[in-house]
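J.: Respectively, the protein sequence lines represent chains P and U.
Going letter by letter, the first sequence gives residues 1 to 165 in my numbering.
Going letter by letter, the second sequence gives residues 1 to 231 in my numbering.
Just so you know, the hints here were simulated from the structure itself, not pulled from any lab data.
Hints are supplied without guarantee of correctness; some may be wrong.
From the derived model, a few chain U residues whose C-beta atoms are all more than 10 Å from chain P [claimed, not checked]: (1) R13; (2) T34; (3) D79; (4) Q82; (5) Y83; (6) E87; (7) F90; (8) G91; (9) V106; (10) G212; (11) V218.
Going by beta-carbon spacing under 8 Å, a handful of chain P positions derived as facing chain U [stated by the list, open to error]: (12) P36; (13) A37; (14) Q53; (15) W54; (16) G80; (17) W81; (18) I84; (19) V86; (20) G141.
The beta-carbon is built from N, C-alpha and C at its ideal position, and this holds for glycine as well.
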Amino acid sequence: MSEELSSPSEEYGRRRFLAGIVAVVGGAVALIVGLPAIGYIISPGVKRQSAEQWYPLGPIAGLTPGEPTGFPYSYRVQDGWEEIAVTGTAYAVTQDGVNVTVFSDVCTHLSCRVAWKQDRDVFFCPCHDGTFNAAGEVVGGPPPRPLDQFESRVENGTIEILLGA
Amino acid sequence: MRVAEMPSAEPGRVESVFRWLDERLGLTTIYNTTLARYVPKTNWLYTLGSASTILVILQVITGMLLTIYYVPTPDHAYDSIQYIMNEVSFGWLIRGIHHWGATLLVLTVFLHMLRTFFVGAYKFPRELTWLTGVGLLAVVMLLGFSGYLLPWNQRAYWATQVGTSIIGAVPAVGPLLLRIARGGDEIGAVTLARFFGLHIWWLPIALLGIIGVHIYLVIRIGITAPPERDE
């Protein structure tokens, strides 16, 4: 190759210069696609699509102290490009008629739905016989932790829970 | 590349790692045969092949990114693209690159073919380079056509209506071919699904495979110089 060249060092200088240009342009293209691609991939995981909302369950006056009462709830959330309904039952329980605790009916073991069994005084999960008492604490079976609670408040005598949080 | 010739006393850490890899992978040999080739004196038109290759790589990467959100059913195709454009971070950019890259790819591939034709580079011994190039042009056109339906908007629907109707003009077997292309009498869910499968599996793999043969031939036989005036 070198016999064609007037000066080998000049050729190497040009070769290095061109290699540098290719590297810079190639690197720029890779960055322009690569960096946005990271945001593109992680974006549904870090962006919240649905706003929080306070959902009214019912009057606190309807509760029997010490007795969990189930309130069905349903609200619409954005699931990607679809709007879907999320439904469930929230169990409200009060001891003094003023302060309310609202439990989710999702079992903390494997996410089956629990139901309050009045005759046994427990929340019963039909999947693996998990039981919780009226304070949400585990009484028996495999659940690893107490029932989850909704953030709740009482507005003008109506129990409200925070959904989409 | 000159590493082997230099009896340097103390190789640096990077250099010793490179030497270790080179000895086992033959990196220098790969570099010398693929990139440090003898190339005749050419002009900028000879870069169209490389430009097409770069665009194909971009199309593959942005296309793979698009499949993360795109859903090829009549119920979701349009909405999932709206989601990409409006909700996903940089979704507009990724789809934009794929959209405009496709148009640009058809252009560079076509110009690449014209250059090859006008300098007579298709002649012996490069007939197979030319023939695989013709195959690549066909695959690129089919990729463009199948991808055009996927947004599932009015333009996509009616363009595919017209495009597939052309197949129906074939004598005798035309109506049958049309039904096979559409997967039924009308453009619908089956059409969208098969165009999607064609667009993301069959055609890209065919494209990359033929590109491999094409580039192998370019490396093996080399490229031509532009013909002299008196030739």
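J.: Look at each hint and say if it fits the structure.
T.: Against the structure, the hints come out as follows:
no.	hint	result
1	R13	holds, 21 Å
2	T34	holds, 14 Å
3	D79	violated, 4 Å
4	Q82	violated, 6 Å
5	Y83	violated, 4 Å
6	E87	violated, 7 Å
7	F90	violated, 4 Å
8	G91	violated, 6 Å
9	V106	holds, 19 Å
10	G212	holds, 20 Å
11	V218	holds, 18 Å
12	P36	holds, 4 Å
13	A37	holds, 6 Å
14	Q53	violated, 20 Å
15	W54	violated, 25 Å
16	G80	holds, 6 Å
17	W81	holds, 4 Å
18	I84	violated, 13 Å
19	V86	violated, 19 Å
20	G141	violated, 39 Å
Checked against the numbered hints above, the structure violates hints 3, 4, 5, 6, 7, 8, 14, 15, 18, 19 and 20; every other hint is satisfied.
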